[in-house]
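Student: Use the sequences and the hints to build the structure in full.
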Amino acid sequence: MVEWTDFERATIADIFSKMEYEVIGPAALSRCLVVYPWTQRYFGNFGNLYNAAAIIGNPMVAKHGTTILHGLDRAVKNMDNIKSEYAELSVLHSEKLHVDPDNFKLLSDCLTIVISAKLGKEFNGEVQAAFQKFLAVVVNSLGRQYH
Amino acid sequence: MSLTAKDKDVVKALWAKISKSADAIGAEALSRMLSVYPQTKTYFSHWPDLSPGSASVKAHGKRVMGGVALGVSKIDDLTNGLLDLSEQHAFQLRVDPANFKILSHCILVVIATMFAKEFTPEAHVALDKFLVALSLALAEKYR
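These protein sequence lines map, in sequence, to chains A and B.
For the first sequence, position 10 matches number 10 in my numbering, and the numbering has no gaps at all.
For the second sequence, position 106 matches number 1106 in my numbering, and the numbering has no gaps at all.
Hints are computed from structural coordinates only; laboratory data are not their basis.
Keep in mind that a hint or two might mislead.
Residues from chain A that face chain B, not an exhaustive set, calculated with beta carbons under 8 Å [claimed, not checked]:
#1 L49
#2 A52
#3 I56
#4 A117
#5 K121
#6 Q128
#7 Q132
Computed from a prediction, not measured in an experiment: that's the story for all the values here.
Glycine included, each C-beta is placed from N, C-alpha and C at the ideal position.
Tutor: Here's what the structure looks like:
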């Protein structure tokens, strides 16, 4: 069981209560596809991913980025049971989508950087630590059911 | 994943914009590293004060960014350009190279907080590649 401090719970709740899903989601996913181009392997049917401009302007990438970010909502709502919350999604990513779990870390790093750009100074060391811990737990849960 | 000519141009252009704040970036990145990744504190047990904004952290952040600046100036041959620093890290400091990745990530986060507009996805990929190459050059003499 993951132990969360009051500060960590409050920080995560705060960040997500103000989250602009349709801005941050697309920004995080498109950044991941640009910075770690091998992640494009999972999006063969997304059309034009030929260069950074194409990726950033791609509507399928934008839509999927929003979807992924909303996927974090269940963890925000149930921080004490993240592992069981994502059991099904983990199986899906393993058995159907065949995503290498290392990629979850790459995307979470990009999300951290997009959020830090948005929040600026407010995203101080303690906030960063809480946010990265939260993402690390989610990432771990998503990789849990791989076999 | 070696640096293309375009990567080098992008890194140099970004560095031109952010280098005035290098000391602040270094201090902030180091502070974050120590609090987000507490295992890194093990390398600084000899400092009197490990808190963010302490004199030791500020001075060391400045020194680290001096190394980054050196890397930018030697971007066409990082391995040779960073030979002395590599020897220092290999034989005296003996920092586990996994930590280079951790500090690089913190540097990127700090640049994102301070220079959101300039830190576009293209700038991000070029700088990430550069820091990876820098870390490799730093680890060159380890074994």
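Student: Each hint should be assessed against the structure and marked as holding or not.
Tutor: Results of checking the hints against the structure:
no.: 1; hint: L49; result: 12 Å, violated
no.: 2; hint: A52; result: 5 Å, holds
no.: 3; hint: I56; result: 7 Å, holds
no.: 4; hint: A117; result: 4 Å, holds
no.: 5; hint: K121; result: 6 Å, holds
no.: 6; hint: Q128; result: 5 Å, holds
no.: 7; hint: Q132; result: 6 Å, holds
This entry does not satisfy hint 1, going by the numbered hints stated previously; all others are met.
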